[in-house]
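Asker: Each chain, written out:
Number of protein chains: 2
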Amino acid sequence: MQFRNFKMVGYVVYGRGSFDQLDEILSPQRKGDAPMVFLLDHFFKGKALEGRIPLRGKDRLVSADVTYEPKTTQVDQLAKELKDAYGTVSGVIGIGGGSTMDLAKAVGLMMNNPGSSADYQGWDLVKNPGVYKAGIPTISGTGAEVSRTTVLTGPTRKLGMNSDFTPFDQIVLDPVLAEGVPVNQRFYTGMDCYIHCIESLQGTYLNEFSKSYGEKALALCQEVFLHKDHWDAQSDDQLMMASYAGGMSIAYSQVGVAHAVSYGLSYLLGTKHGIGNCIVFNHLEEFYPEGVREFKKMVDKNKIDIPQGICKGLTDEQFDTMINVSLGMKPLWENALGKDWEKQMTRDRLRALYEKL
Amino acid sequence: MQFRNFKMVGYVVYGRGSFDQLDEILSPQRKGDAPMVFLLDHFFKGKALEGRIPLRGKDRLVSADVTYEPKTTQVDQLAKELKDAYGTVSGVIGIGGGSTMDLAKAVGLMMNNPGSSADYQGWDLVKNPGVYKAGIPTISGTGAEVSRTTVLTGPTRKLGMNSDFTPFDQIVLDPVLAEGVPVNQRFYTGMDCYIHCIESLQGTYLNEFSKSYGEKALALCQEVFLHKDHWDAQSDDQLMMASYAGGMSIAYSQVGVAHAVSYGLSYLLGTKHGIGNCIVFNHLEEFYPEGVREFKKMVDKNKIDIPQGICKGLTDEQFDTMINVSLGMKPLWENALGKDWEKQMTRDRLRALYEKL
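Respectively, the protein sequence lines represent chains Y and P.
Each residue of the first sequence is one higher than the one before, starting from 1 at the first, in the working numbering.
Each residue of the second sequence is one higher than the one before, starting from 1 at the first, in the working numbering.
The set of hints was computed from the structure by calculation and includes no laboratory data.
Be careful, since some hints might not be right.
No copy labels: a pair is met if it fits in one copy or bridges any two.
Said to hold, decoys possible - Cut-off 25 Å, straight-line C-alpha distance, at most; resulting in silico cross-link-like pairs (DSS-like, lysine-lysine): (1) K211 / K228; (2) K330 / K158; (3) K339 / K47; (4) K7 / K211; (5) K31 / K127; (6) K356 / K303; (7) K356 / K343; (8) K83 / K58.
All values reported here derive from a predicted model rather than from experimental measurement.
Same shape as in the complex, but just chain Y (with noise of 0.2 Å):
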């Protein structure tokens, strides 16, 4: 198809306080005795929003270790031990943030689909829709919320199970509960959906749909991040809305420069995906002359370390590994730079960019 049908999330409830109304959501979802899991990010381990899970009967309760961005054999270990435990189950809930959800989806769908989630790596190869899965965001700005994959670390790429059985049936975006978040990791996880959006804007590949989200998106984060004078909760109101406009604006566009730089960042050194785009993005004035310099202020006026010196030391060979890696995302470069992306990014250049970061 021309057109990309995009398959939306099932439900949408935004409020100060829905994840109070969670178990009235899923309470018709459930089947039988078959347990709810839900995932939780580690961060909350012992924290109150741990004690507010509506657990009934067998529900199962899984700290998720998401130091890491999650990987393919975490999924399948996770799946195949709740398989083992319970045969089926009524649905996997993920809170917390992107990692966690991706997480939640991809066990979601290997509830009920055979082999490995990394058979499932790439564009529409997942087989059966997945159990029943609700994505709880505690961090705004990945977009996870509402996106058709789940990035994943494979044995051999790091690429999400991206189809139309992979959205959430539910969303509960309730912004209080990311009112506890550390404010760099805050800014770093906002900057994902700000750079996004200057990166789409700015795209070759855009329509009127991504364009007006993507806006609304740009605006919400200039408003919380450079025009308010302080944090308050209206911030976290409007950059959870963010988070969902940048998401959902994903429909029709595409990244750029800081993500495919930052893809080989991430493959070479683990670097996560917000603070990753971050330490790129602060190097792409050529690029993005007026993003860049607006980023510089927001950084400023939100007293952030964005880390410097990163790639120092790193040999030849190490260079190389990213560089290929970064070229393999010939959709991100060209959305970038136009047809002829290939005569523009050399791999001397890319080099460059490289030992700046």
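Fit chain P to the supplied structure of chain Y, relying on the hints for placement.
Answerer: Showing chain P alone in chain Y's frame:
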């Protein structure tokens, strides 16, 4: 639940020419030889669009007479005719404006629900999911493409079948379809979106979800009707997104004075929704000073005729009927004027307002 759990449409495709994907989109939804039923706004009878509908096998093309807004009797008759002829159908596809889309939603529901559609006018009364339903707007502004209701005139009231089963499974947003709309009609329907935004953004019911959608819809309306100096293809693109965003913003907001007053006109005089809202809004300076000022600029700039004097010669009894209908819309008045709206909007004040129209 304190916060509405908002049911989204299943799939969205947006793009200039995306209508040509309809055959491919419907194909996996076909159930054996049960037909797809296309309800096409009678405006297109004999026009090129009629010939582009992907009819296969026993598919049925119905010219939908939307001279008047849909009635429960019309819904019931069409559903009965389809049941008698085919037993069941694969789906119902509404191609047209808000009335045609609402008709398609209602007929799709009545294929699987007993009795009359009048039995289901209200909130969450529909018992069973309908057949597959798709909506394809050919004019922008109503938001019917994403709403969870279908406004019907029944034996005793004008009220929708408001339920989680009501939203479309698929919408196709192809701005090219809106190209032939007459200028006045395009304006009246576009103002359905604009006026909704003014009413909801100034209302007392609102949260950041609806605010962000409402602000985007408003900005797009201002762009096409006020800031641009001519109408072009991008204007159609933008107005179609304004309608979508305006419809989404309904999730957590409410309309206000213009809608409450125009329901009275519609009930007594059969005034259609778009033009009715314009006739009323034109006289609401005291409630929405900035919005009405801007509306008048748009009327001038686009050289639109807003009918005047439509209440001349009505009897006291007729005015009373309109006043009763209007004052019955309690949530709209409360949203517009606050908890003590009854003190502010007396019968005399409302009568004076109707006399001005």
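Asker: Should K356 paired with K303 be assigned to within, between, both, or neither, using CA atoms and 25 Å as the limit?
Answerer: within (22 Å within a copy, 58 Å between copies)
Asker: What label fits K211 with K228 when the C-alpha limit is 25 Å: within, between, both, or neither?
Answerer: Result: close both inside a copy and across copies, 24 Å intra and 17 Å inter.
Asker: Quick one: K31 to K127, C-alpha cut-off 25 Å, is that within a copy, between copies, both, or neither?
Answerer: Both, since 22 Å and 20 Å are each at most 25 Å.
Asker: Classify it for me, K356 with K343: is the Cα-Cα distance of at most 25 Å met within a copy, between copies, both or neither?
Answerer: within (21 Å within a copy, 68 Å between copies)
Asker: When no copy is specified for K83 and K58, does a C-alpha distance of 25 Å or less occur within a copy, between copies, both, or neither?
Answerer: within (14 Å within a copy, 44 Å between copies)
Asker: With 25 Å as the alpha-carbon cut-off, assign the pair K7 and K211 to within, between, both or neither.
Answerer: Intra 18 Å, inter 23 Å, cutoff 25 Å: intra and inter.
Asker: Taking 25 Å as the upper bound on the Cα-Cα distance, should K330 and K158 be classified as within, between, both, or neither?
Answerer: within (15 Å within a copy, 54 Å between copies)
Asker: Indicate which option fits the pair K339, K47 if close means a Cα-Cα distance not exceeding 25 Å: within, between, both or neither.
Answerer: Neither way: K339 and K47 sit 50 Å apart in one copy and 39 Å across, limit 25 Å.
This entry does not satisfy hint 3, going by the numbered hints stated previously; all others are met.
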